Each structure stands twice: as C-alpha cells, then as structure tokens.
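Could you put the whole structure together from the sequences, leaning on the hints where they help?
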Amino acid sequence: MEQVKSALKLVETIVTENTDNLIAGDLEDKSNKQNASESKSTDREQMKLENTQGIIQRFYHHLHFTVVKDRDIASKYDYYTSTAYTVRDHLVGRWIRTNQDHFKNDEKRVYYISLEFHMGRALSNCMINLGIKNTVDEALYQMGLNAEELEELEADAALGNGGLGRLAACFLDSMATLGLSGYGYGLRYDYGIFQQKITNGYQDEYPDNWLRFLNPWEIARPEHLIPVRFYGKVINDENGKKKWIDAEIVHATPYDTPIPGYNNNVVNTLRLWSAKALGVFNFQLFNAGDYIRAVADESLTENITRVLYPNDNFDEGKILRLKQEYFLVSASLQDIIRRFKDSKLFSISNKKIDFTYFHEKTAIQLNDTHPTLTIAELMRLLIDEENIEWNEAFDITKKAVAYTNHTLLSEALERWSIEMFKKLLPRHFEIITDINLHHLDVRKH
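Taking the numbering used here as reference, the numbering of the sequence shown is continuous, increasing by one, and the terminal residue is 1674.
No wet-lab data here; the hints were simulated from the structure. Be aware that a few hints might be false.
Calculated pairs, DSS-like style, for lysine-lysine (alpha carbon to alpha carbon, straight line, at most 27 Å) [stated by the list, open to error]: (1) K1580 to K1337; (2) K1470 to K1337; (3) K1590 to K1651; (4) K1673 to K1628; (5) K1471 to K1652; (6) K1652 to K1462; (7) K1628 to K1570; (8) K1581 to K1628.
Everything numeric in this text was worked out from a predicted model, so none of it was measured.
Dropping the structure here:
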C-alpha cells in the first residue's frame, strides 16, 4: 500500500511540474506588459492583477489540457475555445449552487417550452453578466490576443430565426436575472435553418453547420436519456385501461447550457434535446454489403433534430414537422415530471407522490402554437403512466399549463390532417377527441 501511495505521489508531482513548465513556457513567449516593479499599486489594482493572472493561468490550462495544443500551433479558434472554457469555469460553481438552492428552497419552477431559442453568442454575454469582461479582456491583451476578434469567431447558435426565438431567449435571461427558478426546453438542431448567401441578386441556401467545432458551452447529460414514442396502436388491457403498444422508440438526449443572470450569481439552465437512434444499426445488412439500408433507419430517426422548420410543402415534411413538435413536448414533460417526483417535497420526507401539488410546484409556459401538444401529452402521462382519473388529470393540466399566442393569422396556426395525426400519435388523437367532447358537454349544460 505504501508503494502505491508513493507512486501516486510521484505521478502527481510530475503532472504538476509539467503543467507549470508548459504554462511558464508559454508565458515567457509573450512579453508581459504589466510592470511588476510598481510598488504603489492600490489594493484594488493588486486584486485586479491577481484576477488577471488567474485568467491567464486558466486559459493556458485549457489550451494545454482541453484543446491539447500550445501557442506554436494553436489557431485563433483554439484561443476562442480556451477563453470560452475559462469563462465557463466561472459559471460552474454558480450553476451547481443555483440548482442546490432551487432544491433546498423547494421553489415553484417555471418551464418555458419553445421550438426556437435565439440566444446569440454566449462568450460576451457570460462575461458581462459575471462582471469579468474587463478582466478577461486585459488578460487576453497581456497574452497578445484581441478579445473582440475571438468573440467574432463564436458561431451563433442556430436555434431560432426571428422574434419568437429572441423573445424566448429574453425570457430565460430575465428569469435568471430576477433569480427565478426557470428552465428552458428546446431542440438542439444540427443545422438550424440555413446560411444565406446572395449571388447575382438571388438567395443561395447552405447548411448552417454551427456545431462543426463543437459547442464549449453545453454539457451532455446522457444519464437522462428519454424514450419518445411514435406510431403503434391503442388497445384496452384486461382492466379496460387504454394502452399504447407497438410504438417506434426514438431517444432524446439532453444537452444543458448555462444561462447566467446579471450580477447575481444565479445560473439557470436551457435543456436542448437531440434525437438519437439507439440499437437501430442493422449489423446483418452491413455485413452483407448493404451499407445504405444498414443505417437508413438511424438517419431517418435523427432527422427529427436535423433542421429547424423542415419544408412542409409535402407529406414527408409535414410528418417530420409534427414529429419535431411532439418529440420536444414528450421529452420535456417526462423530464419535468421526473423533477417533480425528485423534488424536496417528496424525496426528503418520503411522502407519497401526489400530483394535486403539481401546479403548486410547476408552471409550464408554451411559446406559440408549436408546443401545444403539451396538453394532450401531459394528459396521457397523467392518465396512462400515473393512473390518474381523466377529470383530475384535466384539472391538473389546466392549472399547470399556460400559453402565449403570437398571431391570429390562420397560416401560422398548427393544423394537421386527421389521418396523419391519428397514425403518428394514436393515443393523443383519442385524448384530443375526449377533450373536444368534454368542451361540447360543458357548453351544452
């Protein structure tokens, strides 16, 4: 045992020395514009100097151990990535503490579901909200780098294209700044809509590959993978209860992005879902040389989060659009219910899960018509999965869900063919029919 401890101590010493040597070597490559001999610095100036040196140390740490390069071969984008991870380091502790506070205080949580989130570039926004922009700019200047040039290298997250997405982003920023327990739910599009280029006065459209260099701000959460079902059929089981069977399964993988409030140490979360096909690779077809068919199902499945607003001028596009909207709704609601069950109200006291408290702990806000399947999906989850009676489930849903309408134009409202909807989401078609009959009955009496 003593030999093992000695060996571990030796490894730790070597790693520490190598880290210091790497950082020292890069620091010596650039002239230090700070005059270290100034003895008349105020305490405030000395603190600023120490903070600047800390930023420089973290920058080189990420350049060496995250990007795995040095100043001799690093590109400007490598410098941006190192800067982004350095700033993200300042978010992590606040992010964890915010989640701890939300759990400890057992606050009511606001869940904002939107098909678009036009967040903009994260680097500058995070530095300003954390109050470290001037310090980071100075640190980059001392290393011979230009902060504005690095900020321009950041890809604009292709998660929205207009006012709808920008409004959603503003709500998330505002909730964080107000210290509210707020969460955003959206889709992690591979390509967004498109990049526009004008040639001879005409628009050319190209894929917006914003994830080409990965995204340093997001954290993958594969441990919270969620199954989402499509197609299949509805039967009555031996107890007369409705059961959705023979459905196709698509898995939603969550990616979390921090949303810092302004100057208040609060960091909320935007959770984006990416469609993943697990277990659909056909190894037999691949071995037989039929490579296209071997991965066809996987490709079709992952098309759900390929682009924002797929062309719906043909049936395949309409089906994909409806799949997108339900995929977002189902994954988000299953996650919201998991959070409700894991809340302090039940997890600490071992109290039985009681959904009559759901609206007291949960507020679900729908941004426009795209996520309105939330109503039917929440009803399905409460009735089929949680064994709650129809009238009680409807009452819970009405109290927990709110909706913002952005236009009255008929072409902007969501309308689907009955046959297509019934085939893709058979259980939801039944629930929507029941809700309609309920409203007619209420109106009659």
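### Message
For a C-alpha distance cap of 27 Å, please report whether K1581 and K1628 respect it.
### Response
With a Cα-Cα distance of about 21 Å, the restraint between K1581 and K1628 holds, given a limit of 27 Å.
### K1652 paired with K1462 [C-alpha distance capped at 27 Å]
holds, 8 Å
### Query
CA of K1580 to CA of K1337, is that 27 Å or under?
holds, 18 Å
### Query
Taking 27 Å as the top limit, are the C-alpha atoms of K1470 and K1337 close enough?
Violated, at about 32 Å.
### Query
K1673 and K1628: Cα distance at most 27 Å?
holds, 23 Å
### Agreement of K1590 and K1651 with the hint, judged by alpha carbon distance not exceeding 27 Å
violated, 33 Å
### Query
Regarding the pair K1628 and K1570, is the alpha-carbon distance no greater than 27 Å?
Cα-Cα ~18 Å, so holds.
### Query
Going straight from one Cα to the other, do K1471 and K1652 come out at no more than 27 Å?
Roughly 16 Å separates the two Cα atoms, so the pair holds.
Hint compliance for this structure: hints 2, 3 are not met, and every other hint is.
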